[in-house]
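A.B. asks: Whole structure, please, built from the sequences with the hints as guidance.
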Amino acid sequence: MDFNHTEDRAMLKDMVARFIADNYALEARNETVKSADGFSREIWARFAELGLIGALFSEDDGGFGGTGFDISVLFEELGKGLVVEPFLASAVLSGSVLAQLGSAEQKALIGEIIAGSKLLALAHGEPDSHYDLAHVGTSAVRDGDGWSINGSKAVVFNGDSADYLIVTARTSGDTWDEDGISAFLLPADTEGVAIRGYPTMDGLHASEIALDTVQVPDSALLGEAGQAYPAIEMAAARANVALASEAVGLMEVCRDMTLDYLRTRKQFGVPIGKFQALQHRMATVLTEIEQARSAAINAAGRLDQPRAQREMAISSAKALSGRIGRLVAEEAIQMHGGIAMTWEYGLGHFAKRLIMIDHQLGDVDYHTARFAEFSRQAA
Amino acid sequence: MDLNYTDEELTFRDEVRSFLDSELPASLSNKVKAGKRLTKEDMENWHAILNRRGWLAESWPVEYGGTGWNAVERQIFEDESCAAGAPRTVPFGLKMLAPVLMKYGSEEQKNHYLPRILDGTDWWCQGYSEPGAGSDLASLKMRAVRDGDHYVVNGQKTWTTLGQHANMIFCLVRTSTDGKPQEGISFILVDMDTPGVTVRPIILLEGTHEVNEVFFDDVRVPVTNLVGEENKGWTYAKYLLTHERTNIANVGANKVSLDHLKYIGRTQKKRGRPLIEDPLFAARLAQIEMELDAMATTNLRLLSSPDSVANAGPMSSMLKIKGTEIRQALNDLTRRALGPYAMPFVSEALDAGFNEEPIGPDYAAPVSQEYFNNRKITIYGGSNEIQRGIITKMMMGL
Chain A
1 MDFNHTEDRA MLKDMVARFI ADNYALEARN ETVKSADGFS REIWARFAEL GLIGALFSED
61 DGGFGGTGFD ISVLFEELGK GLVVEPFLAS AVLSGSVLAQ LGSAEQKALI GEIIAGSKLL
121 ALAHGEPDSH YDLAHVGTSA VRDGDGWSIN GSKAVVFNGD SADYLIVTAR TSGDTWDEDG
181 ISAFLLPADT EGVAIRGYPT MDGLHASEIA LDTVQVPDSA LLGEAGQAYP AIEMAAARAN
241 VALASEAVGL MEVCRDMTLD YLRTRKQFGV PIGKFQALQH RMATVLTEIE QARSAAINAA
301 GRLDQPRAQR EMAISSAKAL SGRIGRLVAE EAIQMHGGIA MTWEYGLGHF AKRLIMIDHQ
361 LGDVDYHTAR FAEFSRQAA
Chain B
1 MDLNYTDEEL TFRDEVRSFL DSELPASLSN KVKAGKRLTK EDMENWHAIL NRRGWLAESW
61 PVEYGGTGWN AVERQIFEDE SCAAGAPRTV PFGLKMLAPV LMKYGSEEQK NHYLPRILDG
121 TDWWCQGYSE PGAGSDLASL KMRAVRDGDH YVVNGQKTWT TLGQHANMIF CLVRTSTDGK
181 PQEGISFILV DMDTPGVTVR PIILLEGTHE VNEVFFDDVR VPVTNLVGEE NKGWTYAKYL
241 LTHERTNIAN VGANKVSLDH LKYIGRTQKK RGRPLIEDPL FAARLAQIEM ELDAMATTNL
301 RLLSSPDSVA NAGPMSSMLK IKGTEIRQAL NDLTRRALGP YAMPFVSEAL DAGFNEEPIG
361 PDYAAPVSQE YFNNRKITIY GGSNEIQRGI ITKMMMGL
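Chains as they are written, first to last, in the UniProt record's numbering: chain A, 1 to 379; chain B, 1 to 398.
Think of the hints as simulated: they come from the structure by calculation, not from any bench. Because the structure is a prediction, the values reported are computed rather than measured. Any given hint could turn out to be false.
One side of the interface only, derived from the structure: several residues of chain A facing chain B at Cβ under 10 Å [stated by the list, open to error]:
1. ARG9
2. MET11
3. ASN30
4. GLY68
5. GLY137
6. LEU259
7. ARG263
8. GLN267
9. GLY273
10. THR287
11. GLU290
12. ARG293
13. GLU373
14. ALA379
Below, computed lysine-lysine pairings styled on DSS-like, alpha-carbon distance capped at 30 Å [unchecked claim]:
15. B/LYS393 with A/LYS274
16. B/LYS180 with A/LYS266
17. B/LYS31 with B/LYS255
18. A/LYS34 with A/LYS13
19. B/LYS33 with B/LYS262
20. B/LYS180 with A/LYS274
21. A/LYS274 with B/LYS141
22. A/LYS13 with B/LYS393
23. B/LYS232 with A/LYS274
24. B/LYS103 with B/LYS232
25. B/LYS232 with B/LYS393
26. B/LYS238 with B/LYS40
27. B/LYS103 with B/LYS238
28. B/LYS110 with B/LYS232
29. B/LYS110 with B/LYS238
30. B/LYS232 with B/LYS141
31. B/LYS31 with B/LYS269
32. A/LYS13 with A/LYS352
33. B/LYS103 with B/LYS141
34. B/LYS269 with B/LYS33
35. B/LYS376 with B/LYS232
36. B/LYS269 with B/LYS180
37. B/LYS393 with A/LYS352
38. A/LYS274 with B/LYS110
39. B/LYS255 with B/LYS40
40. B/LYS33 with B/LYS393
Just so it is clear, CB atoms sit at the ideal spot from N, CA and C, and this is done for glycine as well.
C.D. replies: Below, the structure written as structure tokens:
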């Protein structure tokens with residue numbers, strides 16, 4: 001066992017932190033959020049130049065990292081910067097599915113993801129799926145030499161700026177079966193694809209996607225028909241390592257702002273940090289953040305373990321980051337008082353992201369139940 | 001970062017397993033697993049077995065007869081010992097006094113006392129709390145007044161765990177009333193056979209005799225039994241409280257309790273199905289398991305960290321809070337898993353040699369007693385509220 005970062009990852013961490021400190025002021029970020037894409041293509045290109053997208057892919061896939069700890073180191077820093085560029089949608093979610101299922105020809109696109117020149121989005125969740133990864137009601141049926149896809153996809157991250165979509169659709173079985181889910185890679189402007197983009201509460205961009213008789217060639221199919229679920233689950237696992245780690249970064253910012261406020265804000269003639277009521281609440285926040293960090297480390301470190309161990313660590317990390325993220329966000333606001341309620345002060349933007357992360361790829365309840373299921377099977 | 005054990009660590013784990021396999025008497029592990037009370041002889045017996053292997057002082061450096069194990073090795077040893085049903089070692093000499101003597105004791109004290117801790121000659125207990133000095137420990141009043149080559153000690157200590165078995169007690173005493181309360185405290189070692197020392201049992205709410213009151217009436221203690229300098233005892237006391245971090249989160253024991261709770265959850269039935277399939281119970285169990293898994297990593301992060309000394313204060317306080325909260329949550333859910341069978345309480349059923357038919361499931365007898373007994377853990381060792389104050393003050397730098 002070893003709880004220190006390798007030299008390479010320590011350098012990656014420093015580099016991201018420095019870039020964000022120099023180039024990613026909160027005011028500028030909040031302006032960027034208002035743009036059509038909801039992120040800056042110029043900054044995205046610079047992230048690509050720095051090799052940060054490539055850090056999320058293995059050497060076999062043309063990157064130079066791709067392990068759980070590469071994901072966690074990068075996303076913790078992205079969290080501290082409240083970064084809105086599409087690392088999760090394009091590189092982690094879509095990139096993972098493509099890397100696992102794609103043919104050599106299809107995987108050529110990974111080079112463009114890493115270069116930042118093409119953007120992908122994973123259109124998987126549906127209006128009624130409520131985080132359930134196996135829920136796919138969208139259908140794909142044989143149509144001549146290709147497939148015809150019908151259905152709707154919900155809250156697809158960065159779908160409105162994607163060049164390509166990876167769309168999951170059922171080619172056999174019932175709506176909740178793991179078996180029978182297929183993945184298709186198609187240009188986002190394919191006829192019959194209607195994308196309605198919108199901003200989210202935490203400054204990201206997502207979209208509702210309607211698929212109306214979308215005809216794709218057989219070459220759009222990723223991997224075997226009906227066999228996409230394991231790759232989707234693995235992509236979600238990697239994304240949850242990213243989200244749990246991003247949450248730790250966000251918690252650190254909330255923690256530091258609150259500690260600083262407790263030290264400097266005076267009421268009744270003394271710093272408010274002198275009051276036991278606040279000291280004890282802050283101590284709970286500090287203690288719980290270390291739990292969230294440990295759970296994120298466990299998830300990153302167990303990404304290559306067999307399914308049950310991996311998924312238990314993933315659900316544990318996501319459930320803890322959901323519970324603790326809410327605690328940190330709410331307590332940071334409460335201990336600050338009125339100032340935290342303002343747009344300008346900044347804390348609120350971190351708090352919003354921290355709360356909304358619980359709504360991505362499974363919340364506390366979803367992952368607690370999921371952990372219980374795996375744990376019972378393991379016993 | 002790497003969460004996997006190295007080959008060396010796996011080899012060490014096998015070594016520990018085979019030692020426990022051959023040396024831990026079944027009579028002892030059966031008692032531990034069944035939640036029976038351990039006698040003084042049980043504990044002394046286990047200390048002697050560990051000492052013969054050189055593994056009693058797992059947290060001591062080699063030069064004093066310890067193992068010199070690193071953090072991961074100590075955690076492996078603890079996990080395996082708990083899983084095998086080994087008794088916990090008695091911490092007062094090994095983990096509380098010994099580090100203080102190593103850092104602040106005289107050569108004579110180290111040479112005299114440390115070997116006697118290992119070979120079982122001395123059983124130490126702790127004289128910190130007083131009736132008027134609990135969380136505000138520095139307000140302690142027990143006086144030690146210099147008289148020639150002796151201190152004359154008068155006053156009272158309380159909550160003295162296993163003091164009924166001890167022959168020695170380390171005490172914080174007041175040697176000065178000048179300046180701040182912390183500045184007049186000294187750390188002395190007292191032979192409990194000295195005339196004037198009286199031990200009286202305190203029976204806890206669940207009926208056990210675990211702690212005591214110790215009265216000191218003109219007890220004469222040689223000045224050579226002063227540790228370090230007079231009036232510097234507070235520094236040593238704080239060192240003692242923050243030094244021993246290996247076991248503060250009780251990871252190994254918590255893992256065993258979790259497994260036991262899962263076993264109970266599979267055995268207990270609700271509408272003909274195992275309780276563990278009840279969604280509400282399953283969710284409560286999952287919450288504890290997830291917290292424990294994270295805490296095990298927090299614990300190893302602290303212990304393995306090169307700057308662990310700098311982090312010791314807040315991080316060890318965090319682990320104390322989290323470890324005790326998880327333990328109490330386990331005790332609580334275990335109690336609830338039993339349903340009405342949490343209620344029967346036949347005290348004798350917890351003694352070895354009780355041969356009557358159990359009331360209800362055979363695992364039910366100790367559960368509620370352990371639940372009530374472990375209400376102490378968020379109170380002792382600096383209550384969790386005291387720990388919270390420490391954490392925030394250190395992190396704010398106030």
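A.B. asks: None of the hints should be skipped; say for each whether it holds.
C.D. replies: Verification of the hints:
1. ARG9: 8 Å, holds
2. MET11: 15 Å, violated
3. ASN30: Hint on A/ASN30: violated, closest Cβ of chain B at ~29 Å, above 10 Å.
4. GLY68: Hint holds; A/GLY68 Cβ to chain B Cβ min 9 Å, cut 10 Å.
5. GLY137: 25 Å, violated
6. LEU259: Holds: closest Cβ of chain B sits about 6 Å from A/LEU259, inside 10 Å.
7. ARG263: With a minimum Cβ separation of about 5 Å from chain B (threshold 10 Å), the hint on A/ARG263 holds.
8. GLN267: With a closest approach of 15 Å, the A/GLN267 hint is violated.
9. GLY273: Hint holds; A/GLY273 Cβ to chain B Cβ min 5 Å, cut 10 Å.
10. THR287: Hint holds; A/THR287 Cβ to chain B Cβ min 4 Å, cut 10 Å.
11. GLU290: 5 Å, holds
12. ARG293: 8 Å, holds
13. GLU373: Holds. Min distance 8 Å.
14. ALA379: 6 Å, holds
15. B/LYS393 with A/LYS274: Holds, at about 8 Å.
16. B/LYS180 with A/LYS266: This hinted pair holds, its Cα atoms lying about 27 Å apart.
17. B/LYS31 with B/LYS255: Since the Cα atoms of B/LYS31 and B/LYS255 sit roughly 18 Å apart, the hinted pair holds (cutoff 30 Å).
18. A/LYS34 with A/LYS13: OK: A/LYS34 and A/LYS13 at ~28 Å, within 30 Å.
19. B/LYS33 with B/LYS262: 15 Å, holds
20. B/LYS180 with A/LYS274: 20 Å, holds
21. A/LYS274 with B/LYS141: 28 Å, holds
22. A/LYS13 with B/LYS393: Holds - the C-alpha atoms of B/LYS393 and A/LYS13 are around 29 Å apart, at most 30 Å.
23. B/LYS232 with A/LYS274: 27 Å, holds
24. B/LYS103 with B/LYS232: 13 Å, holds
25. B/LYS232 with B/LYS393: Within the cut-off at roughly 23 Å; holds.
26. B/LYS238 with B/LYS40: Satisfied, since the Cα-Cα distance of roughly 29 Å is no more than 30 Å.
27. B/LYS103 with B/LYS238: OK: B/LYS103 and B/LYS238 at ~13 Å, within 30 Å.
28. B/LYS110 with B/LYS232: 18 Å, holds
29. B/LYS110 with B/LYS238: 19 Å, holds
30. B/LYS232 with B/LYS141: 15 Å, holds
31. B/LYS31 with B/LYS269: Given that 30 Å is the threshold and the Cα spacing comes to 26 Å, the pair holds.
32. A/LYS13 with A/LYS352: The hint holds at about 24 Å.
33. B/LYS103 with B/LYS141: 26 Å, holds
34. B/LYS269 with B/LYS33: The given pair, whose Cα atoms are some 22 Å apart, holds under the 30 Å limit.
35. B/LYS376 with B/LYS232: At roughly 29 Å apart (the allowed maximum being 30 Å), B/LYS232 and B/LYS376 satisfy the hint.
36. B/LYS269 with B/LYS180: At roughly 59 Å apart (the allowed maximum being 30 Å), B/LYS180 and B/LYS269 break the hint.
37. B/LYS393 with A/LYS352: 28 Å, holds
38. A/LYS274 with B/LYS110: Between A/LYS274 and B/LYS110 the Cα gap is close to 41 Å, so the pair fails against 30 Å, i.e. violated.
39. B/LYS255 with B/LYS40: The hint holds at about 25 Å.
40. B/LYS33 with B/LYS393: 40 Å, violated
The structure is inconsistent with the numbered hints 2, 3, 5, 8, 36, 38 and 40, although it conforms to all the rest.
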